[in-house]
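Given these sequences and hints, build the entire structure.
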Amino acid sequence: MRTFLAVAFTSALATLAAGQPAAPVPLFNGKDLTGWKAFGRLVKDGPTTPIDAKDTWSVTDGVLRCTGKPTGYLATEAEYGDYELTLRWRYPAGLKGGNSGVLLHVQKADVVWPVSVEAQLRAGRAGDIWLQTAAEVKLTVDPARRDADDKTKRHVWRSPKDEVVERPAGEWNDYRIACRGGSVELAVNGRVVNGGTDCNLTRGRIALQSEGTDVEFKDITIRPLK
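For the sequence shown, the positions run -22 to -1, 1 to 204 when mature numbering (1 follows the signal peptide of the UniProt record, and there is no 0) is used.
Treat the hints with care, since some could be wrong.
To be verified - Lysine-lysine pairs mimicking DSS-like chemistry, simulated, CA-CA at most 30 Å apart:
1. Lys139 with Lys129
2. Lys131 with Lys116
3. Lys32 with Lys47
4. Lys22 with Lys86
5. Lys116 with Lys22
6. Lys129 with Lys86
7. Lys22 with Lys129
8. Lys9 with Lys196
9. Lys74 with Lys196
10. Lys9 with Lys32
11. Lys196 with Lys47
12. Lys86 with Lys204
13. Lys116 with Lys129
14. Lys86 with Lys9
15. Lys116 with Lys204
16. Lys74 with Lys32
17. Lys15 with Lys196
18. Lys15 with Lys47
19. Lys116 with Lys139
20. Lys129 with Lys74
21. Lys86 with Lys47
22. Lys196 with Lys32
23. Lys74 with Lys47
24. Lys15 with Lys204
25. Lys139 with Lys196
26. Lys131 with Lys22
27. Lys74 with Lys131
28. Lys47 with Lys131
29. Lys32 with Lys22
30. Lys86 with Lys116
31. Lys15 with Lys86
To be verified - What follows is a set of in silico ranges between Cβ atoms, one per label pair, in the way DEER data are often shown:
32. Gly75 with Asn167: 15 to 25 Å
33. Thr38 with Arg154: 22 to 32 Å
34. Gly72 with Gly159: 35 to 45 Å
Keep in mind the hints are simulated off the structure, nothing from the lab.
Beta carbons: idealized from backbone N, C-alpha and C, even for Gly.
See below:
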C-alpha cells in the first residue's frame, strides 16, 4: 500500500510537471513513524533484521529521537529520486561527540550498512561523504577531497575540511541535500560543503542512521526537482 507521504510526493511531481514550483512535502509527520521502517543489528557482526522501531526511535513534540542502539537505521518505505531533502539535527547538550548520518539512494538489501551514499553527521565531520560501499557506489569528486588515508576510496572530505561549520551540541543544525540525476550536493547550515557527479545510484530509499549515540531530528521535508 502506498503511504500518504509517497502519494503527496507524487502529487508534488505532478505540480512540477505542470510547470509550477513544487512545494516541500513533510517526510516525517512530526507525530509518528508513518512511512518509515526500522532495521537493526542486534548482535555485533550479526544479521540485520527489521526491528520494533519504538525500541530505538521515538517522537515527542515534533522531534524524532534516536537512542543510537542497536546499530541500524530508519528508512522510508518509499523510494525517491531527483529531490531536495532538508532536515534539522542536533546532539544533546553536554554530549562530547555524536555519530549518525543520512543515507541516500538506499538499495533493497537491508544490511548494516546498505548500498547507499552517506551524508555524514558525525560531530565535527558533518558534510563528509561516505560511499557504502566504494565497490558498488561510484561518484565523481574533486580528487583533492578524496581521503588519501582511506585505501578503499569511500571517504570524501567536506570543504573546507577543518573549518567549523556545525553548531555546538544542544543547538539545531540545518542540512540541505540536493540529488538530481547523478549529482549530489550537501549544504550544512546554509553553506555548500560537498558534492559529486555521475553517481551510479540515482534513486532509492532515504534513511537515518542509529550509530551508538543519542541524536534528534525534526523538520524533515522533501521537494521534487526537475
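Evaluated hints:
Taking the CA atoms of Lys139 and Lys129, the gap is about 19 Å. The hint holds against a cut of 30 Å. About 10 Å separates the Cα atoms of Lys131 and Lys116, which keeps this hinted pair within 30 Å; it holds. Between the alpha carbons of Lys32 and Lys47 the distance comes to roughly 11 Å, so the proposed pair stays at or under 30 Å and holds. The hinted pair formed by Lys22 and Lys86 meets the criterion: a straight-line CA distance of about 21 Å does not exceed 30 Å.
Our distance criterion of 30 Å between C-alpha atoms is met by Lys116 and Lys22, whose separation comes to about 28 Å. Between Lys129 and Lys86 the alpha-carbon distance is near 26 Å, which keeps this suggested pair within the 30 Å criterion. With a CA separation close to 24 Å, the supplied pair Lys22 and Lys129 stays within the 30 Å bound. Among the hinted pairs, Lys9 with Lys196 is consistent with the structure: their alpha-carbon atoms are about 11 Å apart, no more than 30 Å.
For a cut-off of 30 Å, the pair hint linking Lys74 to Lys196 stands: about 21 Å separates their Cα positions. Among the hinted pairs, Lys9 with Lys32 is consistent with the structure: their alpha-carbon atoms are about 13 Å apart, no more than 30 Å. Distance restraint check for Lys196 and Lys47: the Cα-Cα separation of roughly 19 Å lies within the 30 Å cut-off, and the hinted pair is therefore satisfied. Between the alpha carbons of Lys86 and Lys204 the distance comes to roughly 25 Å, so the proposed pair stays at or under 30 Å and holds.
Among the hinted pairs, Lys116 with Lys129 is consistent with the structure: their alpha-carbon atoms are about 15 Å apart, no more than 30 Å. The straight-line distance between the Cα atoms of Lys86 and Lys9 is roughly 26 Å, inside the 30 Å bound, and the hint therefore holds. Distance check on the hinted pair: Lys116 and Lys204 sit about 22 Å apart at the alpha-carbon level, within 30 Å; holds. A C-alpha spacing of about 25 Å is found between Lys74 and Lys32, which places the hinted pair at or below 30 Å, so the restraint holds.
Taking the CA atoms of Lys15 and Lys196, the gap is near 17 Å; set against the 30 Å cutoff, the hint holds. Proposed proximity of Lys15 and Lys47 is supported: the alpha carbons are some 15 Å apart, at most 30 Å. Straight-line distance between C-alpha atoms of Lys116 and Lys139 comes to about 21 Å, which keeps the hinted pair within the 30 Å bound. Between the alpha carbons of Lys129 and Lys74 the distance comes to roughly 28 Å, so the proposed pair stays at or under 30 Å and holds.
About 22 Å separates the Cα atoms of Lys86 and Lys47, which keeps this hinted pair within 30 Å; it holds. Of the supplied pair hints, the one linking Lys196 and Lys32 holds, its CA atoms being roughly 17 Å apart against a limit of 30 Å. Taken as a hint, the Lys74 and Lys47 pair is honoured in the structure, with Cα atoms around 18 Å apart against an allowance of 30 Å. With a C-alpha separation of about 28 Å, the suggested pair Lys15 and Lys204 falls inside the 30 Å cut-off, and the hint holds.
Distance hint between Lys139 and Lys196 is fulfilled; the C-alpha atoms sit about 26 Å from each other, no more than 30 Å. For the given pair, Lys131 sits about 25 Å from Lys22 by alpha-carbon distance, which is consistent with the 30 Å threshold. With a C-alpha separation of about 28 Å, the suggested pairing of Lys74 with Lys131 holds against the 30 Å cut-off. At most 30 Å may separate the alpha-carbon atoms for a hinted pair to count; Lys47 and Lys131 meet this at roughly 28 Å.
At most 30 Å may separate the alpha-carbon atoms for a hinted pair to count; Lys32 and Lys22 meet this at roughly 20 Å. Restraint check: the Cα-Cα separation between Lys86 and Lys116 comes to about 17 Å, which is no more than 30 Å; the hinted pair holds. Proposed proximity of Lys15 and Lys86 is supported: the alpha carbons are some 13 Å apart, at most 30 Å. Here the CB-CB span from Gly75 to Asn167 is close to 19 Å, well matched to the stated 15 to 25 Å.
Look at Thr38 against Arg154: about 25 Å separates their beta carbons, and that is inside 22 to 32 Å. Separation of Gly72 from Gly159 is about 42 Å and conforms to the stated range, judged on CB atoms against 35 to 45 Å.
Consistency with the previously given hints is maintained throughout, with no hint failing.
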